[in-house]
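Novice: Sequence:
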Amino acid sequence: MDTVTTRSTRKTRKIPIFLLYTICFGIICLLTYSLPWLAGRTLIWNVDGIAQHFPILAQFQRILQGTAHQSLFGWSWNLGAGADQLTTFAFYIVGDPFSYLIALFPASQLELGYQVLILVRLYFVGLSFLAWANQRSFSRHSKLIGTLIYTFAGYNFYVSMHHPFFLLPMIIFPLLAMGIEKVLHGQNWLPLAIAVGLALISNFYFAYMLALGTLVYLLTRYFHLRAIILDHLPPLRILYCLGQAIVTGLLMAGVVLFPTLLAVFQSTRIAYHAKFANGLLLYPPKYYLSIPNQLITSTTIKDYWLVLNFCGVVFLAAIFVLRHFKQYRALATIIVLTFVAILLPQVSAAANALSTPSNRWLFLTVLPLSLAVMIFVDQLPHLTSSDLRWLIGATSVLIVLVFVSKGFTLKIPQNDLIAYGFLIAFLLLIACQKSLNLSAKGVALVLTGLVLVNIISNGQGWLSPNNSRNLDSELGTGTASKWAKNYYDGAEKGLPKNEGFYRTTTMTNFYPRRTAGNNIPMILGTHDLGDYYSIQNGYLYKFSRSLGNAQAVVNSVVGEGDSRTTLLNLLGVRYMFAKTDIVKRPQAIPYGFHFVRNPNGSITDFPELPVPGLSNHSGTVLLKSDFALPLVYMQKHVISATDYHEMDVLQREQSLLQGAQVEKPVSGISRTQPNPKTDSVSYTTRLFDQHLVDNPVKAVMARLRKSPNARYRDTAKKYQTTLPANKVAIWEKATGLNPNGKPLNKIISQNRAVISRNIKENRSGLHLMDNDAQGRHLSYQLRINHPQRYRNSELYLVIDGISETRHSMMDRLNTLRADSIVTGTPVSKLQKIDRLRTAAQVPDLGGFSVSVRLANNLAKFRQLPMNNLSDYEDRQHVVLNLGYSKRPQQSMVVRFAGVKQLRFKRLKLVAVPFNKNYDRQVRKLQRTGLQSQRVTNDAVTGYTRFNSQPQVMATSIPYSPGWQLKVDDHPIKTFKVNQGFIGARIPAGRHYIQLKYATPGFKLGIILTMIGIVWFGAFSIGSGIQFLYRKWH
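Residues in the sequence shown are numbered consecutively from -15, following my numbering.
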């Protein structure tokens, strides 16, 4: 755009552009990010925000302020079963320079600090982009508009509400682009080295995506510059500078990057091989139907991390660049490839470190689209009639696509409609600039104002409770701090401090599980098994999965241990937190656990300390186990890997009390072939078909139950499932039911076929879980044969070979029609159309849950749907703990929800008996624990008891090469026992044991960083001398 050299323009130029950006930033934040505060909400998400990010930042603050009694560099016993502090936190905050500012806030203002840091990061997002834009020859107002669009893209609004540290790559990417520009223009490579180092130290996960984005930027800019610069770019010098920058950046990041990579290679991310792209060839139709309305709106559900929501001018800019494809070939190609990429789950999975099909990589597209806006804004005075027709045509096509994808309706939230209003307003401004003879300055001012208001409207779509429901998932003011203190209702204060080292856990269903785990116990210092981190110990995960732990996922490898008695004992769990409700309504508790009581003999009850929106509406009681194993104990026998894997999962669990499982023979230690006792429980299956409409009388009863007439409903309650023969005709007439009607008899025939199919397939056990013609999921009773045999046992449901049948769109329509026929409620054609729309927009993605209700327990498991991007796994085998009971369990009711049908190759019940033999076995192991044991953050010491023969030292310390063992001050090699823990051979006699921990790779990482800094400093000095020499000469 030609520079306008008027007096007013020269006067405007006196205001630095970063100051204009700062003013606009303040206005936008005031009118958007103040809304949660006004609504009594925070920017702390009620899922990962409170379960992960807030407690991690709280612990980080305590570490920085010296109140945590925990170093950032070393082992922590408060990270689940124990983990490295540095490498666990490296994914979140260690490499984030803004996180260190939390040390400036008092602990009582942590919530405020959490939110202030979000806005600080967001502000630097814009400064970073502005620094990059200032290297390009664009007008001032186009740079300002581009910066605002980059800063307040939908991605940034979204992550600021859900994953605040995800803002960091938005800061780093423009810095990397700046470094590339300097290298390509023959300038210094040092800025690129700084950007590379910052990318690598901040988060290795995003460093991978940033590397992909930077590579694309490098290639497109290189070929673009080579085409327009007469002198060819020197490829050797460019390669040299790139190599220097990458190597120097790698070296400088070594102190965090090297130990983190070592941890990642031994983590669940490597140990668990998820299906690439969740096994998808294409996304579900719902995903594609949502794309048109996602481009410029803020209230659409963000499946597969498809977060777009740009200002309306971005859409027009993209169309303009595509219209002039030859002129802007590189940028247009990126836009086209981006559109193609979001259609293919394989691309998203490849960009997401070859795992799930997450579109988090879309943050990389914000920069090229903001570049397109700057180009478009500067070209506004030069638009042709043809350009205008393209823009109008594209806008019309977009609106039509939204109309079609929404099921031929524009039933969308009001804020979305406003977004399209802004899009049309931009078009009107562009179309009228020549006909109204508007000056370039006038157009620029109006356009900037429209962009500002459009961004504010988008932000309010994200953050205002009046415009969308997004804010419903954010916690209320003060809630996070309260929950961090009252998570256990103060029951953690009842834990003894003089019983040495032990672990704790929570009883299943202590809290509703929105996530796989929770990190709040970390800041309460309870050594709780449960945790929720992206980097987890892969060896511990293998141990958990080898025992069939139903709660084991890649982000929480043990969970609550599924309340399994022996699993908790092996992990040294001595105390369990449970709801007070179990006192009045007894619930199954693991064998050996009993209530902690006051000196007067009454159960110690910690009354509820309510936290709005998060409480479990119950107080807390403590349970203590008599059979928790010590952190370090000795085994006289070993179990070979072959023998271990030949057993089923429940036998494996029990066998670990008889010997330590090892991968290789251990000299001087005898091998045992354990024969743990588990009993297969026979049962008979019964389908609950009382309310399944398989005859006209049940159809009458269905109508009576749903009648608005109270007398009719009372009749249904009185007779439950049938009617006296002399009243059938009366109530058929009263409810308007035609027993001979063809539609009704078709439904009855379908349901009879369902009953017949279930009887046939479930004759030898539960193999089929079905639904009826009305789409209702059926329930099943499993009645145990000879229940007296299984007293004093822990009962398990073991499922192998799970397959599901999903609902189709026609299934949804047919169930609506069937329900209408049975209940006598007419369904209009429009209702049928609406049902099809709903079926298309909310498809069956294969998620389901199975629950088992017993007299004293409720157990359940979930199959996550295919759009879950954190813990999705196609579960073929499930081992579900149904609980321990002294009394015989007579029967149980199995229910399911979600998919249309479930089929099992085999579903069996297994009982694990607990008796005096079990007690003796465990107490024998307890006596082998270390004497005078002392456990600190990075060390475990103590004395073994005298033994006349060598033994295997077994522990519940998750395996890591960072643990080094000395026996009587002599180094001894450790090895892996029980699939996932530290073990070693201990000679005969009595010995002093010293286990010490140091973060693997940390010392080498320090050396690499020092080398990188010295290397960088040397070239910086040389560059400075060269600059001064050129200046003076």
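These are calculated hints, taken from the structure and not from any lab test.
These figures come from a predicted structure and were not determined experimentally.
Treat the hints loosely; a few may be bogus.
So the derived label-pair ranges between C-beta atoms look like this [said to hold, decoys possible]:
1. 195 <-> 118: 51 to 61 Å
2. 859 <-> 586: 23 to 33 Å
3. 393 <-> 692: 55 to 65 Å
4. 815 <-> 773: 26 to 36 Å
5. 48 <-> 976: 28 to 38 Å
6. 195 <-> 857: 24 to 34 Å
7. 857 <-> 990: 16 to 26 Å
8. 871 <-> 745: 42 to 52 Å
9. 773 <-> 337: 49 to 59 Å
10. 815 <-> 859: 47 to 57 Å
Here are the simulated DSBU-like pairs of lysine-lysine, each with C-alpha atoms no more than 30 Å apart in a straight line [said to hold, decoys possible]:
11. 884 <-> 620
12. 884 <-> 648
13. 960 <-> 395
14. 870 <-> 884
15. 884 <-> 286
16. 661 <-> 620
17. 813 <-> 844
18. 960 <-> 701
19. 259 <-> 466
20. 390 <-> 960
Beta carbons are placed, not taken as given, at the ideal position from N, Cα and C, and that holds for glycine.
Novice: Against which earlier hints does the structure fall short, listed by number upward?
Specialist: 1, 2, 3, 4, 7, 8, 10, 11, 12, 13, 14, 17, 18, 19 and 20
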